Amino acid sequence: GAVVSQHPSWVICKSGTSVKIECRSLDFQATTMFWYRQFPKQSLMLMATSNEGSKATYEQGVEKDKFLINHASLTLSTLTVTSAHPEDSSFYICSAREAGSSSYNSPLHFGNGTRLTVT
Amino acid sequence: GESVGLHLPTLSVQEGDNSIINCAYSNSASDYFIWYKQESGKGPQFIIDIRSNMDKRQGQRVTVLLNKTVKHLSLQIAATQPGDSAVYFCAERFTGANSKLTFGKGITLSVRP
Numbered sequence: 130g131a132v133v134s135q136h137p138s139w140v141i142c143k144s145g146t147s148v149k150i151e152c153r154s155l156d157f158q159a160t161t162m163f164w165y166r167q168f169p170k171q172s173l174m175l176m177a178t179s180n181e182g183s184k185a186t187y188e189q190g191v192e193k194d195k196f197l198i199n200h201a202s203l204t205l206s207t208l209t210v211t212s213a214h215p216e217d218s219s220f221y222i223c224s225a226r227e228a229g230s231s232s233y234n235s236p237l238h239f240g241n242g243t244r245l246t247v248t
Numbered sequence: 212g213e214s215v216g217l218h219l220p221t222l223s224v225q226e227g228d229n230s231i232i233n234c235a236y237s238n239s240a241s242d243y244f245i246w247y248k249q250e251s252g253k254g255p256q257f258i259i260d261i262r263s264n265m266d267k268r269q270g271q272r273v274t275v276l277l278n279k280t281v282k283h284l285s286l287q288i289a290a291t292q293p294g295d296s297a298v299y300f301c302a303e304r305f306t307g308a309n310s311k312l313t314f315g316k317g318i319t320l321s322v323r324p
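Top line first, the protein sequences correspond to chains R and Y. Each residue of the first sequence is one higher than the one before, starting from 130 at the first, in our numbering. Each residue of the second sequence is one higher than the one before, starting from 212 at the first, in our numbering.
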């Protein structure tokens with residue numbers, strides 16, 4: 130089956146620093162990737178939609194200058210949390226849709242998430 | 212605004228019994244629904260999906276039922292096993308270019324040995 134890999138699986142950083150999270154589709158090409166954020170015991174909240182070769186589309190309330198998204202190839206999207214603060218600590222999860230698939234009958238494939246802790 | 216929600220936050224079942232997890236949605240424009248399972252510290256894992264032109268779909272030990280009249284979605288797990296213990300999310304997708312997936316609140320399934 131389609132595999133989405135996220136790296137790192139966890140990261141601890143100091144307040145004010147930036148952290149980059151990678152999302153890779155290992156055995157398929159992904160024209161669209163989605164970035165979610167999940168707080169403990171809560172649901173997944175969509176942050177942004179990343180399209181290969183174009184700018185990401187951010188959800189309302191998500192700061193695009195703080196959460197930089199790059200989708201330079203069909204197998205890699207990155208999320209950079211800039212000037213991280215303790216309130217950015219969360220579980221970040223990416224998902225991908227296979228290139229050429231119809232949105233009607235293709236479930237998203239999710240990575241295993243990245244636990245970010247900002248001290 | 213419209214949202215996807217679940218009726219119960221937790222569900223405890225005896226091993227071997229059948230589990231039924233319910234979900235309500237309010238957006239009549241949604242045409243595709245998915246159930247995901249999330250284990251602690253991991254990303255969501257696809258379980259089963261259903262399109263709005265269907266009312267039932269079966270997989271291995273799982274069945275999804277869709278009632279568009281009352282905007283209700285359910286996941287039935289037969290012969291629940293300890294490995295089924297996890298948080299379950301229903302998700303809906305609206306027709307459109309990006310077809311964003313909206314997740315419900317999630318319900319914890321706990322299987323008693």
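I should point out that these hints are in silico values taken from the structure, not numbers from a laboratory. From a predicted model like this one, the values you see are computed outputs, not experimental measurements. Incorrect hints may have been included.
[Unchecked claim] Some but not every residue of chain Y turned toward chain R, in silico, with C-beta under 10 Å:
hint, residue
1, 226
2, 227
3, 240
4, 243
5, 245
6, 252
7, 253
8, 254
9, 256
10, 257
11, 279
12, 313
13, 319
14, 323
15, 324
[Unchecked claim] Simulated pairs of lysine-lysine, DSS-like, Cα-Cα distance not exceeding 25 Å:
hint, chain 1, residue 1, chain 2, residue 2
16, R, 170, R, 184
17, Y, 253, R, 170
18, Y, 267, Y, 279
19, Y, 316, R, 170
20, Y, 316, Y, 253
21, R, 184, Y, 267
22, R, 143, Y, 316
23, Y, 253, R, 149
24, Y, 267, Y, 253
25, Y, 311, R, 193
26, R, 149, Y, 311
27, R, 195, Y, 311
28, Y, 311, R, 170
Idealized CB from N, CA, C, for every residue including glycine.
Here's how the hints hold up against the structure:
The beta carbon of residue 226 of chain Y is not positioned within 10 Å of any beta carbon in chain R (closest approach about 24 Å), and the interface hint is therefore violated. For residue 227 of chain Y, the shortest C-beta to C-beta distance to chain R is roughly 27 Å, which exceeds 10 Å, and the interface hint is violated. For residue 240 of chain Y, the interface hint is violated, the least distance from its beta-carbon to any beta-carbon of chain R being 13 Å, above 10 Å. Hint status for residue 243 of chain Y: holds, given a least beta-carbon distance of 6 Å to chain R, under 10 Å.
Satisfaction of the interface hint for residue 245 of chain Y is found here, the shortest Cβ-Cβ separation to chain R being roughly 5 Å, below the 10 Å cut-off. Hint status for residue 252 of chain Y: holds, given a least beta-carbon distance of 7 Å to chain R, under 10 Å. Interface restraint check: residue 253 of chain Y against chain R, minimum CB-CB distance 5 Å, threshold 10 Å, status holds. At about 4 Å, the closest approach between the beta carbon of residue 254 of chain Y and any beta carbon in chain R falls short of 10 Å, and the interface hint on this residue holds.
With a least beta-carbon distance of about 7 Å to chain R, the hint placing residue 256 of chain Y at the interface is held under the 10 Å criterion. Interface restraint check: residue 257 of chain Y against chain R, minimum CB-CB distance 5 Å, threshold 10 Å, status holds. For residue 279 of chain Y, the suggested interface contact is broken, since its CB lies about 16 Å from the closest CB of chain R, more than 10 Å. Using the Cβ-Cβ criterion of 10 Å, the hint placing residue 313 of chain Y at the interface with chain R is satisfied: the shortest such distance is roughly 7 Å.
With a least beta-carbon distance of about 9 Å to chain R, the hint placing residue 319 of chain Y at the interface is held under the 10 Å criterion. The beta carbon of residue 323 of chain Y comes no nearer than 21 Å to any beta carbon in chain R, farther than 10 Å, and the hint placing it at the interface is violated. For residue 324 of chain Y, the shortest C-beta to C-beta distance to chain R is roughly 24 Å, which exceeds 10 Å, and the interface hint is violated. The suggested pairing of residue 170 of chain R with residue 184 of chain R is violated, with an alpha-carbon distance near 31 Å, which exceeds 25 Å.
A hinted pair counts as satisfied when its Cα atoms are at most 25 Å apart, and residue 253 of chain Y with residue 170 of chain R qualifies at roughly 13 Å. Of the supplied pair hints, the one linking residue 267 of chain Y and residue 279 of chain Y holds, its CA atoms being roughly 11 Å apart against a limit of 25 Å. Of the pairs offered as hints, the one joining residue 316 of chain Y and residue 170 of chain R holds, with about 9 Å between alpha carbons and a cut-off of 25 Å not exceeded. Proposed proximity of residue 316 of chain Y and residue 253 of chain Y is supported: the alpha carbons are some 17 Å apart, at most 25 Å.
Under the criterion of a C-alpha separation no larger than 25 Å, the hint pairing residue 184 of chain R with residue 267 of chain Y is inconsistent with the structure, at around 38 Å. Distance check on the hinted pair: residue 143 of chain R and residue 316 of chain Y sit about 31 Å apart at the alpha-carbon level, beyond 25 Å; violated. For the hint pairing residue 253 of chain Y with residue 149 of chain R, the CA-to-CA distance comes to about 19 Å; that is within 25 Å, so the pair holds. Taking the CA atoms of residue 267 of chain Y and residue 253 of chain Y, the gap is about 28 Å. The hint is violated against a cut of 25 Å.
Between residue 311 of chain Y and residue 193 of chain R, the direct Cα distance comes to roughly 18 Å. Compliance with the 25 Å bound is thereby established for this hinted pair. Distance check on the hinted pair: residue 149 of chain R and residue 311 of chain Y sit about 23 Å apart at the alpha-carbon level, within 25 Å; holds. Proximity of residue 195 of chain R to residue 311 of chain Y is assessed by CA-CA distance (about 22 Å); at most 25 Å being required, the pair is judged to hold. In summary, the hint linking residue 311 of chain Y to residue 170 of chain R is supported, as the alpha carbons are separated by about 22 Å, within the 25 Å threshold.
The structure shown violates the earlier hints numbered 1, 2, 3, 11, 14, 15, 16, 21, 22 and 24.
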